[in-house]
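Position chain B relative to chain A; hints supplied.
Protein chains: 2
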Amino acid sequence: MTRSLTGKFKGVGKLAAVLVGENSASVLYLRKKGELAEKLGVKFELVKLPKNSSTKKVVEEIQRLNSDKGVAGIIVQLPLPKQIDVDVVVNAALPNKDVDGLTDANILSGNVLPATATGILRLLTEYKIDLRNKKIGLVGFTRLLNLPLSLHFARLGNSVVVLQEGTKNFGELKMVDVIITAVGKPGLISGKDIKWGAVVIDAGIVTINGKVRGDCDASVSKMAGWMTPVPGGVGPMTVVSLLVNLKKLAKTRL
Amino acid sequence: MTRSLTGKFKGVGKLAAVLVGENSASVLYLRKKGELAEKLGVKFELVKLPKNSSTKKVVEEIQRLNSDKGVAGIIVQLPLPKQIDVDVVVNAALPNKDVDGLTDANILSGNVLPATATGILRLLTEYKIDLRNKKIGLVGFTRLLNLPLSLHFARLGNSVVVLQEGTKNFGELKMVDVIITAVGKPGLISGKDIKWGAVVIDAGIVTINGKVRGDCDASVSKMAGWMTPVPGGVGPMTVVSLLVNLKKLAKTRL
Chain A
1 MTRSLTGKFK GVGKLAAVLV GENSASVLYL RKKGELAEKL GVKFELVKLP KNSSTKKVVE
61 EIQRLNSDKG VAGIIVQLPL PKQIDVDVVV NAALPNKDVD GLTDANILSG NVLPATATGI
121 LRLLTEYKID LRNKKIGLVG FTRLLNLPLS LHFARLGNSV VVLQEGTKNF GELKMVDVII
181 TAVGKPGLIS GKDIKWGAVV IDAGIVTING KVRGDCDASV SKMAGWMTPV PGGVGPMTVV
241 SLLVNLKKLA KTRL
Chain B
1001 MTRSLTGKFK GVGKLAAVLV GENSASVLYL RKKGELAEKL GVKFELVKLP KNSSTKKVVE
1061 EIQRLNSDKG VAGIIVQLPL PKQIDVDVVV NAALPNKDVD GLTDANILSG NVLPATATGI
1121 LRLLTEYKID LRNKKIGLVG FTRLLNLPLS LHFARLGNSV VVLQEGTKNF GELKMVDVII
1181 TAVGKPGLIS GKDIKWGAVV IDAGIVTING KVRGDCDASV SKMAGWMTPV PGGVGPMTVV
1241 SLLVNLKKLA KTRL
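Those protein sequences? They're chains A and B, same order as listed.
Heads up: the first sequence begins at 1 in the working numbering, then just goes up one per residue.
Heads up: the second sequence begins at 1001 in the working numbering, then just goes up one per residue.
Chain A with its partners taken away, still in its complex shape:
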């Protein structure tokens, strides 16, 4: 999956990540991001800030990275400690360095999609799944994935329906051709809820008692025409997508 990216980062500049505190999952994700970056010839700088940092302190650090011409991309590793205003911190990054695609400006313009969204679209392309004139069902609606995807698919002219857990129109899931679910509630979707042959992307990944699970139960695979496995489907694509976004942003700055 990373083959097509090899050797394409010459002179692009480094990737910087801001980590506040020591959340163990965050440390693990950042290690994976750093490893892939260095494998592809991109320098990786980890900026560690203490857990009790203020919003102002984190913003100042991001502004320093904004004005550093050697930095091509900035990751703000989520989640952030509770005292921090996430909206303010995420939007402090310059949109043209926002490799995670999380600033308001990038979400609205669609210039850079969030890494998970980029990963899912890449996955669909790699498997030659044609989305033209398909009806898309998005389950859950956050700015990390389905909100920006709703804008993306709307711009393409796809019919899009957003379903929330517990809404009375959940039955509409049976009418859609492609399901992208990201709620984080294992067993939310069963085979009986979906259309025969639907494409199912399960990004609702949580770890329960050490086991990684998605929103779909085992019966979904019997109805789906194609679906992503959990674990191993959407997750690894997200890391790759950061580098895809980095390359895209580097181009727009040239």
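Derived from the structure by calculation, the hints contain no laboratory data.
Glycine included, C-beta positions come from ideal geometry on N, C-alpha and C.
A couple of the hints might just be wrong.
Stated by the list, open to error - Going by beta-carbon spacing under 7 Å, a handful of chain A positions derived as facing chain B:
(1) Asp104
(2) Ser150
(3) His152
(4) Val160
Said to hold, decoys possible - Straight-line alpha carbon distances no greater than 27 Å define the calculated DSS-like cross-link-like pairs of lysine-lysine that follow:
(5) Lys32/A / Lys82/A
(6) Lys1069/B / Lys56/A
(7) Lys1211/B / Lys134/A
(8) Lys1134/B / Lys1192/B
(9) Lys1082/B / Lys1185/B
(10) Lys1056/B / Lys56/A
(11) Lys1135/B / Lys174/A
(12) Lys134/A / Lys1192/B
(13) Lys195/A / Lys1174/B
(14) Lys174/A / Lys1057/B
(15) Lys1032/B / Lys1211/B
(16) Lys211/A / Lys222/A
(17) Lys1056/B / Lys57/A
(18) Lys135/A / Lys1174/B
(19) Lys1032/B / Lys195/A
(20) Lys135/A / Lys222/A
(21) Lys248/A / Lys8/A
(22) Lys1032/B / Lys135/A
(23) Lys1057/B / Lys56/A
(24) Lys1135/B / Lys192/A
(25) Lys195/A / Lys1135/B
Below, chain B alone, put in the same frame as chain A:
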């Protein structure tokens, strides 16, 4: 239509509008906004800046209004002269004073919808048009109307399809129950393009040779179950909506 707003603005603070240059349509719209505000007991302040003002100058003026506690709402009258960065200027207003609902933050959160969108939803409510489980077709996709409406309807769980002029899926217009069009191209939609009984909101208003026209031609009224007239439909609602938004924002600041 303004009856329900009378007497509800005591102690709310004033409405300020920033006008750059002397565009005659802008002057007319602002006069209407000012007249309605004063009729409802809201003070109206017009800040006039010269046509050749820089982005920096306009932003500074908005920041002054941001920090003025007597100002409850800020309008940045569009269009702005070409030398000005519209994105920067529009986003300079504090989201909780952004009565036009045009800042990135308000568009994404849906806290305040753009005035035209607020007006259309109000119109549908007044005429008791039930949107539950209806499929919505949005024609054109700008941040002034259909982009924020797509997020709004998506959050409600409606099925939404966005159609652009000239896209090959324009035929999908025949499948939707409610059409909201805002392209500004007279004759774009004919009766044969739509479903029998559809609700049609025409916000694609342009003036050609002194005549005000919408996106729909005359044959649409024969197929539609309900539709807004042009002129006289969506336009007047927009002015009222500024005051509806002002009231809503004033509440969130208390």
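Each hint tested on the structure:
1. The beta carbon of aspartate 104/A is positioned within 7 Å of a beta carbon in chain B (closest approach about 4 Å), and the interface hint is therefore held.
2. Of the supplied interface hints, the one on serine 150/A holds, with its beta-carbon coming within about 5 Å of a beta-carbon of chain B, less than 7 Å.
3. At its closest, the beta carbon of histidine 152/A sits 11 Å from a beta carbon of chain B; the interface hint therefore is violated under the 7 Å criterion.
4. Interface restraint check for valine 160/A: the shortest CB-CB distance to chain B comes to about 5 Å, inside 7 Å, so the restraint holds.
5. Taking the CA atoms of lysine 32/A and lysine 82/A, the gap is about 25 Å. The hint holds against a cut of 27 Å.
6. Straight-line distance between C-alpha atoms of lysine 1069/B and lysine 56/A comes to about 24 Å, which keeps the hinted pair within the 27 Å bound.
7. Restraint check: the Cα-Cα separation between lysine 1211/B and lysine 134/A comes to about 40 Å, which exceeds 27 Å; the hinted pair is violated.
8. Of the supplied pair hints, the one linking lysine 1134/B and lysine 1192/B holds, its CA atoms being roughly 20 Å apart against a limit of 27 Å.
9. The hinted pair formed by lysine 1082/B and lysine 1185/B meets the criterion: a straight-line CA distance of about 23 Å does not exceed 27 Å.
10. A distance of roughly 24 Å separates the Cα atoms of lysine 1056/B and lysine 56/A; the hinted pair therefore holds under the 27 Å criterion.
11. Distance check on the hinted pair: lysine 1135/B and lysine 174/A sit about 15 Å apart at the alpha-carbon level, within 27 Å; holds.
12. Distance restraint check for lysine 134/A and lysine 1192/B: the Cα-Cα separation of roughly 23 Å lies within the 27 Å cut-off, and the hinted pair is therefore satisfied.
13. Taking the CA atoms of lysine 195/A and lysine 1174/B, the gap is about 23 Å. The hint holds against a cut of 27 Å.
14. Annotation: proposed proximity of lysine 174/A to lysine 1057/B is violated, straight-line Cα distance about 54 Å (limit 27 Å).
15. For the hint pairing lysine 1032/B with lysine 1211/B, the CA-to-CA distance comes to about 20 Å; that is within 27 Å, so the pair holds.
16. Distance restraint check for lysine 211/A and lysine 222/A: the Cα-Cα separation of roughly 22 Å lies within the 27 Å cut-off, and the hinted pair is therefore satisfied.
17. With a C-alpha separation of about 26 Å, the suggested pairing of lysine 1056/B with lysine 57/A holds against the 27 Å cut-off.
18. A hinted pair counts as satisfied when its Cα atoms are at most 27 Å apart, and lysine 135/A with lysine 1174/B qualifies at roughly 15 Å.
19. The straight-line distance between the Cα atoms of lysine 1032/B and lysine 195/A is roughly 52 Å, outside the 27 Å bound, and the hint therefore fails.
20. Distance restraint check for lysine 135/A and lysine 222/A: the Cα-Cα separation of roughly 20 Å lies within the 27 Å cut-off, and the hinted pair is therefore satisfied.
21. For the proposed pair lysine 248/A and lysine 8/A, the alpha carbon gap of about 11 Å is at most 27 Å, so the pair holds.
22. Of the pairs offered as hints, the one joining lysine 1032/B and lysine 135/A is violated, with about 42 Å between alpha carbons and a cut-off of 27 Å exceeded.
23. Straight-line distance between C-alpha atoms of lysine 1057/B and lysine 56/A comes to about 26 Å, which keeps the hinted pair within the 27 Å bound.
24. Taking the CA atoms of lysine 1135/B and lysine 192/A, the gap is about 23 Å. The hint holds against a cut of 27 Å.
25. Distance restraint check for lysine 195/A and lysine 1135/B: the Cα-Cα separation of roughly 19 Å lies within the 27 Å cut-off, and the hinted pair is therefore satisfied.
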